[in-house]
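Turn these sequences into a full structure, and let the hints guide you.
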Amino acid sequence: MEGWTDGFVRALEDMVSDVEKFFTEVADEIGVMVDAFADVTDEFTEQLQQVSLGVEESLNAFFDPILEAYLGFEVTLENTIQPIAHTVDPLLNNHAACVGCRNYHGQAYGGNLLVCGMHPYGWEDEKCPDWESSWQER
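So the sequence shown is numbered by the working numbering: it starts at 77 and just counts up by one.
Take the hints with a grain of salt, since some may be wrong.
Computed beta-carbon distance windows for the label pairs [as the list claims (entries may be wrong)]:
no.: 1; residue 1: Phe138; residue 2: Met109; range: 41 to 47 Å
no.: 2; residue 1: Glu122; residue 2: Phe84; range: 55 to 61 Å
no.: 3; residue 1: Val116; residue 2: Gln183; range: 53 to 59 Å
no.: 4; residue 1: Thr117; residue 2: Tyr185; range: 51 to 57 Å
no.: 5; residue 1: Asn188; residue 2: Glu144; range: 31 to 37 Å
no.: 6; residue 1: Gln123; residue 2: Leu88; range: 48 to 54 Å
no.: 7; residue 1: Thr152; residue 2: Gln126; range: 37 to 43 Å
no.: 8; residue 1: Val116; residue 2: Glu89; range: 37 to 43 Å
no.: 9; residue 1: Gln183; residue 2: Thr117; range: 49 to 55 Å
no.: 10; residue 1: Asp140; residue 2: Thr100; range: 57 to 63 Å
no.: 11; residue 1: Val108; residue 2: Gly148; range: 55 to 61 Å
no.: 12; residue 1: Ser93; residue 2: Val116; range: 33 to 39 Å
no.: 13; residue 1: Glu154; residue 2: Leu124; range: 40 to 46 Å
no.: 14; residue 1: Glu89; residue 2: Ala114; range: 35 to 41 Å
The hints are simulated quantities; they were obtained by calculation from the structure and are not laboratory data.
As the structure is a computational prediction, the values presented were derived from the model and not from experiment.
Here a beta-carbon is modelled for each residue, glycine too, at the ideal position from N, C-alpha and C.
Here is the structure:
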């Protein structure tokens with residue numbers, strides 16, 4: 077009977093050894109596959125970054141001149157209509173003494189209107205002592 081149990085134990089040890097060997101080989105193969113997948117992912121990421129940089133540069137090359145032209149036009153338009161705005165805006169804000177004044181600012185900050193630097197709340201009388209024409213030659 078001892079021969080039978082020894083044979084069974086040996087067979088069981090062989091089976092455990094084969095199963096361990098199988099799982100070790102599977103783990104090695106999975107490690108190789110994960111490494112290969114990581115390499116492919118890194119290459120794909122690099123290519124995607126290069127493509128996105130190329131697209132960004134192309135879009136910048138296309139839109140930068142348009143943006144510069146627009147901003148230049150906006151500044152030119154603002155400088156052109158400044159005398160008109162300085163004539164109309166004070167009327168809309170009920171500051172008759174400021175109509176046509178070069179010093180008129182007329183912007184609201186935190187809900188408070190800044191009329192001009194010399195008279196932040198505007199001039200009460202009809203003639204402001206600091207009034208300068210916005211229609212003068214520049």
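Exercise for the section: State the violated hints by number, sorted upward, taking the hints as numbered earlier in the document. Expected result: none
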